[in-house]
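**Q** The lines below spell out each chain.
2 protein chains.
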Amino acid sequence: MDTREVAQDFAAMMAAGKMEEVAQKYWAANLNTYEAIAGGGLPEDMDETHGIEEAVAKATWWGENNEVHSMATEGPFVHGDRFLLIMVIDVTPKGGERMQMREIVEYKVADDKVVEERYFY
Amino acid sequence: MDTREVAQDFAAMMAAGKMEEVAQKYWAANLNTYEAIAGGGLPEDMDETHGIEEAVAKATWWGENNEVHSMATEGPFVHGDRFLLIMVIDVTPKGGERMQMREIVEYKVADDKVVEERYFY
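For the protein sequence lines, the chains are A and L, in the order given. According to this note's numbering, the residues represented by the first sequence are 13 to 133, in order. According to this note's numbering, the residues represented by the second sequence are 13 to 133, in order.
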């Protein structure tokens, strides 16, 4: 598949709320993830993760510490081996105030898998 | 300035429609620009430009060949030395149909200047 095909299928699955299925289908074993700023609501050692096990641990932690009321995505926007999704998440962090998160995630694709996730906000 | 300060000023100037002033203030002499696909409504040799003179030539060509009815931006979304702007342009290409362009531009910052523009759509 080319990047746009991966991106469109990935985005459609995200829009349908199938976040776990997306991870199973598209996360590469060597996936790295990068938050935009240190300590942005995550444990410090999750600002940057290396390998799928750390990415799964981060996703699990996030799911356990945030109540998601709804999520919407827009995109993909494609360039070369990368694509962007605009994410809008209506969420209440554990012990915090309900808020609207609006961010853009950049995904880098190699061999039909996502090898890098980079968060912009 | 850090990336977010550059990004916020840049975005505010774009939102005010000051595209020429933005270029004068923030384009680096060694600015490179990269379109997402070949021949996306531009002359072929403008899909990738190197140096500020080629970027100015591209902007001039685009201005002469498109009638902009309105433009809106959203952002910036920041990560490290890069930031993203969502661009919505109501435009009629010369000899074409009026359309709504919606794209995301990634800007890379060095020494308070933009050294790279990359278009996602």
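These aren't lab readings, by the way, just hints derived from the structure by calculation. Check the hints yourself; a few may be wrong.
As the list makes no split between identical chains, a pair holds if one copy fits it or if it spans any two.
Derived lysine to any residue pairs resembling SDA-like cross-links, with alpha carbons at most 20 Å apart [stated by the list, open to error]:
#1 K125 - E109
#2 K120 - M58
#3 K120 - I98
#4 K37 - H62
#5 K37 - I64
**Q** So which of the earlier hints does this model not fit?
**A** 1
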